Structures are given as structure tokens and as C-alpha cells.
Amino acid sequence: FPQHADAEDVEKKPSRGWSHEYSREFLAICQAQFEVLAQIVNASQCVLYLRSERYIPNDKDYPIDDSTSEGQDVEFVPVCTYPEHGSAMVVGEDGQPRLAHQRLPGGVSATSLVPEYPYLAPEGSSVRQTEDGSLVVPVMSGHDLIGMLTICKGRAGLETPSASKRREFSFMNEVLNLVRQVDRREANKDRGGSGVTNQWTELEIERVTQVASTLALACLLDQRTQESERSRQEQLKVLAQLRSLLSTVLHQVKSPLGALVTFGKLLLRRLPVGDVSRDLARDILIQSERMQELLIPLDGPSEEQFEQRPPKERRLRQSAKRGEYATDVPYFELEAAKDSSPETEIRAVEGK
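Read left to right, the sequence shown gives residues 1 to 352 (UniProt numbering).
Everything labelled a hint here was simulated from the structure, so no lab data went into it. It is possible that some hints are incorrect.
Derived CB-CB ranges, DEER-like [to be verified]: (1) R270 x S231: 55 to 61 Å; (2) Q241 x A32: 39 to 45 Å; (3) K254 x R232: 55 to 61 Å; (4) A32 x R232: 46 to 52 Å; (5) R230 x S255: 21 to 27 Å; (6) R224 x S244: 42 to 48 Å; (7) S244 x L280: 36 to 42 Å; (8) S255 x L217: 55 to 61 Å; (9) Q233 x D279: 21 to 27 Å.
All values derive from a computational prediction rather than experimental measurement. From the three backbone atoms N, C-alpha and C, an ideal C-beta is built for every residue, glycine too.
Kindly generate the complete structure, drawing on both the sequences and the hints.
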């Protein structure tokens with residue numbers, strides 16, 4: 001891997017076309033938890049890696065080794081770093097983590113952070129410490145490994161942002177920092193100078209494990225929220241398509257119905273009084289206008305526009321909402337509800 005790249009570029013331009021979806025709220029929770037780690041365990045750098053599985057072709061550009069099955073590659077991709085515009089730990093070509101101040105341009109193979117992947121030891125025994133003193137903690141959701149949390153402590157002579165902020169608050173925090181440094185030196189002496197710095201106590205490992213559990217829960221909730229939002233957007237898209245289809249069908253149905261009403265009126269004017277066909281033309285005119293009224297609830301007007309409609313239309317629409325048939329409305333009520341009813345128009349035509 002290249003040894004220098006901005007952590008900000010990692011989020012915006014993941015290498016090899018990885019696709020990551022995480023909300024701003026989830027990143028805010030991660031930053032808040034990293035701030036907690038900076039306070040309780042003196043963490044200077046934290047990186048949250050989430051598992052990424054992608055398809056890779058079997059060619060020279062994407063070699064497939066024993067740990068990766070053909071057509072699938074499992075890697076951990078950094079999604080959040082602390083400090084926010086700082087750097088992420090990298091894994092070199094030899095598979096060993098480098099110093100924490102180096103930066104990562106893309107993903108890290110699963111076996112680099114978790115040598116025994118996909119198998120993990122039970123409980124807290126899967127937490128391991130690297131040669132430079134960094135702590136690697138699995139982020140578990142039930143029995144599934146969804147990511148890794150790597151933490152590096154502030155070393156003596158290294159001024160971390162969290163330490164400088166604490167010195168501005170009170171003199172007591174500065175004294176506590178000095179006590180921590182003395183305790184770490186004494187711990188290294190007791191271990192006989194094993195060469196591993198920044199040793200972690202059991203209490204610190206327990207606190208870090210609790211933070212990892214919190215991040216796992218936040219990640220799970222974020223995924224469910226995004227799935228719900230995607231499902232809602234798909235439903236809205238389907239509803240929009242149905243609305244468009246219904247509008248098109250209504251427009252196509254209204255045109256022939258309007259033509260039938262016009263033809264019925266023309267027939268009544270042309271047929272002589274006493275002709276048997278006048279009853280047929282009258283029925284065509286009445287039923288055509290009733291079909292137009294039945295389409296009113298499907299037209300989708302607003303409630304304000306609905307209240308401004310004639311009484312007969314409001315009655316028909318309310319009957320449709322209750323599941324009643326429009327044939328339940330008597331003819332004499334329709335005539336009284338609207339002056340321009342078909343029968344009124346028929347009488348006017350006959351009177352001419």
C-alpha cells in the first residue's frame with residue numbers, strides 16, 4: 001500500500017471502487033465514542049474499519065490467494081478516524097501494522113487485522129495488541145464480525161490534540177497525564193523491557209470493548225435505518241408510477257364518456273317526439289354522466305376543491321369512500337342535487 005494519503009480522501013474516494021454507505025449521524029456517534037476513549041484511555045488515534053465484500057475478476061490486477069475465494073474479496077475499509085482530519089493505521093506489504101502516524105489510502109485485507117479470520121476466539125481473547133502498542137478490537141454484532149476498531153495511545157514526547165485540550169482545562173489533568181506516563185514506564189520495567197510500548201490494562205481493554213459494542217449497535221441501527229429509507233423510497237416510486245398510470249387511464253376514459261354524452265344530446269335533438277329510440281338515447285345520456293360522476297373520487301382533488309363541488313358530486317364521492325355503489329343513489333335525489341342533471345337537460349331538449 002502507498003504510505004501517505006489523507007483520511008479525508010479515504011471517505012470521499014475509496015480505492016478500487018468500494019461502495020460504502022454510512023450516515024452523518026453514525027459518523028457523529030463514532031467521533032463521540034472516540035472522544036470518550038481519548039478521555040478514559042488517553043487514546044491519540046482511533047480508526048473504525050468496517051467489513052467490505054466485493055466482486056473481483058480473476059486476472060493479474062486482482063490476484064486471488066488462499067484466503068480469498070474466486071469472485072469475492074473481504075477487506076476492512078476505514079470509515080471514521082480520530083482525530084477527524086488525522087490519519088489511519090496501515091498494514092504494510094509484510095502484513096504487519098506500521099506506526100500509527102502513517103496513513104491509509106484504501107482498504108486492509110481481513111487477515112491483516114484478524115490473522116485467524118473468519119474464525120475468532122471466544123469472548124475477549126480475540127482482542128490483540130500489535131508490536132507498536134496499538135490495540136485491535138473486533139466489532140461484533142451477535143456472532144458476526146462487522147468491523148475492527150484500532151486504537152493507539154499517546155506516547156511520551158508526542159503531543160496529541162486531546163492531551164493539549166485537557167491541559168487548557170485544569171492543572172490537575174496535566175498531573176494525571178504525568179502519572180500515566182510514570183505508570184507506563186514502570187509497567188515496561190516490570191515486563192523486562194519486552195520492547196512493546198503502551199501496554200494496555202485489563203480495565204482499559206474492557207472499556208474499549210464496551211465502546212466497540214456500542215459502535216456495533218450503532219452500525220446495525222444505521223443499516224436498518226438506511227434499509228427502511230430505501231424501502232420507503234421504493235414504495236413512493238411505485239405509488240408515483242401507479243398515480244401516473246391512473247391519471248393516464250382516467251384521461252383516456254373521460255374522452256369517450258364525454259363523446260357519449262355529446263352523442264346522446266345530439267340524438268335527442270334529432271329524433272322526433274314519440275320516437276321509440278328517444279328512450280334509448282335518454283338512457284345512454286344518463287348512464288354516461290353517471291359514469292363520469294363515478295370517476296370523480298379517482299380524480300384526486302384536494303379537500304378544499306372537493307367542498308366546492310356540487311352537492312351531487314360530494315354525495316357520490318362520500319358513497320364511494322364508504323364502499324357503497326353509486327346505484328344506491330335514487331334518480332330523484334340526483335335531479336334535486338344538481339340542476340344540470342341529464343334528465344333536466346333532456347326535458348330542456350324535449351321542450352325545444
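Against the structure, the hints:
The supplied range of 55 to 61 Å is met by R270 and S231, whose beta-carbon atoms lie about 59 Å from each other. For the hinted restraint 39 to 45 Å between Q241 and A32, the CB-CB distance of approximately 41 Å keeps it satisfied. Taking the beta carbon of each, K254 and R232 are about 32 Å apart, not inside 55 to 61 Å as hinted. A hinted range of 46 to 52 Å for the beta carbons of A32 and R232 is inconsistent with their spacing of about 27 Å.
Taken as a hint, the range 21 to 27 Å is violated for the pair R230 and S255, whose Cβ atoms sit roughly 39 Å apart. Separated by about 31 Å at the C-beta atoms, R224 and S244 break the suggested range of 42 to 48 Å. Take S244 and L280: their Cβ atoms lie about 37 Å apart, and the range 36 to 42 Å holds. In this structure the supplied range 55 to 61 Å holds for S255 paired with L217, their Cβ-Cβ distance being about 58 Å.
Taken as a hint, the range 21 to 27 Å is violated for the pair Q233 and D279, whose Cβ atoms sit roughly 55 Å apart.
In terms of the numbered hints stated before, the structure departs from hints 3, 4, 5, 6, 9, listed from lowest to highest.
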